[in-house]
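Asks: Please model the entire structure based on the sequences and the hints provided.
There are 2 protein chains.
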Amino acid sequence: MKLATLNNNTPDGQLVVISNDGTRYAPAGISMQAALENWTSFEPSLEAISTALNHGTLAGQTFQTSELCAPLPRAWQWLDGSVYKSHADLMGAVTGMEVKTLEGRPLMYQGLSDTFLSATADVPMASEADGIDFEGEFGIIVDEVPMGVTPEEARKHIKLVVQINDWSLRAYSGPEISTGFGWIHAKPPCSVAPFAVTPEELGEHWENCQVQLSLHVEWNGKKFGHAHGGHMQYGFDELVAHAARTRTLVAGTVIGSGTVSNYEYREVGSSCIAERRGIEVLDQGEAKTQFMRYGDTVRMEAKAPDERVVFGVIEQKVTRPGS
Amino acid sequence: MKLATLNNNTPDGQLVVISNDGTRYAPAGISMQAALENWTSFEPSLEAISTALNHGTLAGQTFQTSELCAPLPRAWQWLDGSVYKSHADLMGAVTGMEVKTLEGRPLMYQGLSDTFLSATADVPMASEADGIDFEGEFGIIVDEVPMGVTPEEARKHIKLVVQINDWSLRAYSGPEISTGFGWIHAKPPCSVAPFAVTPEELGEHWENCQVQLSLHVEWNGKKFGHAHGGHMQYGFDELVAHAARTRTLVAGTVIGSGTVSNYEYREVGSSCIAERRGIEVLDQGEAKTQFMRYGDTVRMEAKAPDERVVFGVIEQKVTRPGS
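Chain order of the listed sequences is X and C. full-length UniProt numbering applies: residue 1 is where the first sequence begins, and numbers increase by one. full-length UniProt numbering applies: residue 1 is where the second sequence begins, and numbers increase by one.
Check before you lean on any hint, since a few could be wrong.
[As the list claims (entries may be wrong)] Take a look, some chain X residues computed to stay more than 12 Å from chain C by CB distance:
id, residue
1, Asn8
2, Pro27
3, Leu46
4, Glu47
5, His55
6, Glu280
7, Leu282
8, Gln284
9, Glu286
10, Gly295
[Said to hold, decoys possible] Selected chain C positions facing chain X (Cβ under 10 Å, derived; list incomplete):
id, residue
11, Leu79
12, Ser82
13, Thr101
14, Leu107
15, Tyr109
16, Leu112
17, Asp130
18, Pro146
19, Gly148
20, Leu169
21, Gly180
22, Trp183
23, His185
24, Pro321
[As the list claims (entries may be wrong)] Computed Cβ-Cβ distance ranges for the label pairs, DEER-style:
id, chain 1, residue 1, chain 2, residue 2, range
25, C, Glu152, X, Ser127, 17 to 27 Å
26, C, Ala59, X, Gly104, 57 to 67 Å
27, C, Pro146, X, Thr23, 36 to 46 Å
28, X, Thr40, C, Pro146, 38 to 48 Å
If you're looking for bench data, these hints aren't it; they were derived computationally from the structure. Note that the structure is predicted; figures quoted are calculated from it, not measured. For each residue, glycine too, the CB sits at the ideal point set by N, CA and C.
Replies: Laid out in structure tokens, this is it:
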């Protein structure tokens, strides 16, 4: 099942079920947040709408991506991991800054969750001097998760999978991480691809609680990377259990993987500029690629081998505030 | 003006105006979050109710503190500073761990905001082995703050002042801070004193955008500390401006001061156990005081010199989960 949120000029929008070819929707009558708060009750109805849409017994309506919000336009909690080891190793080697990982514990921080931008919304950034960067990643959304769950139990709470652009301001990343307190300035709101899909919809592309798809990234229309999602050091089941160690996770909590990265980054490219700059430092002694400028665009799409639409496309432009 | 939220079994509760002696309330018809989203429009009506309650032209209703939620039972964003330098200096000296502060920038992390516990709710904690600690602090709540505000502009967005117990699990604090990613396990939900007050209500006890009152803390009925709030290295105006450097702050964002602390901690005591343990390490070579156990209680109250009720009292018990 594929879900999205239609912009109806309310903060939470209107949940819609999307046909699996991504072309038509039918309204669900509630918000995504409301569905997640009572998933067991709503899921069968949503599945029924999905089946009818896909069998053609329900016509649905066509739409433009620009009519959609982020699947969850705001959430009570956004916890972002960083569990592609190739990315952490590279950044550590380049910056000389030891990112200390703890044995058996994924890296995770809590970020801004009051706004998730839509896949097509312009992205106003405070200053070009801030080191504007994209970060392509995958994420999941849970219903309420009790404190202290095991990864096995956590797995059942993963209701939806999403594709995220975790915008980052690199001028602040290093200084903020050096304080130990995590990121405030370095992490403005994320953008999210239009469709949230159930693990079942991903089928063979959801294994070990990881998205087994390549994330195709283009910057200003040029290919930038197509790293594969299936190389997380910890699966999303383990990330959920980690997050819930000392807290109950509120329904609608979004948990991210961190920048998708593979050790073959020289061949497959990267999902963020910082990683490409890191490779340049290793190979050429200094970073050549500059960060984004106002007017730059980024496009991100997870492609199945059969070219099937999965999460839809993120396609955005960085802008000057107020422009 | 003094505000609170009555528990009406909805997630956001019912906003009530409190008489300035803290004994009676009158309903405001909306939630605290709704009021903050449209403060300019609602404030005059709330002030009118307050005036009528205080002049006796509106009788209001008496209540028990246990009928109240936290003033904002959940928020889209909680950003906690750590700006009492005596606390940072002491903890740094004791742990040998350098908390690197950046010139001109307060320390701040984003924490769990989907739940703020009421002043009297029991506090279930995952394990006594986690190093259960209280942290008495002050905080403020803003209406929407534009990205990039100056401290002068930020000041006008400080609509309410609150008193917070930022529960902490010390077994996780050090390991998590060492990763640079901030805290997840170390920071379960905070508790908040029953009344949120306007800066005007604080009068002479609000100066330099700081709470000029002592925070009286008792642990299991014994006096623990009465550090004065007016020693922040950065005022709340500066904390708001810092938070808004690269993001618009959503209405209802709560920003905290971090543990209230004074350099005279040997005389005035502390607002958290970790600080007392630090003093023991300095003076006696090792920490003697253990962290909290199930059944332990903590009481926190900011007292005006005339013994006037300000934020009301936090009085809580730590419990085993599910007990």
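Asks: Give me the numbers of the hints this structure contradicts, sorted from smallest to largest.
Replies: none
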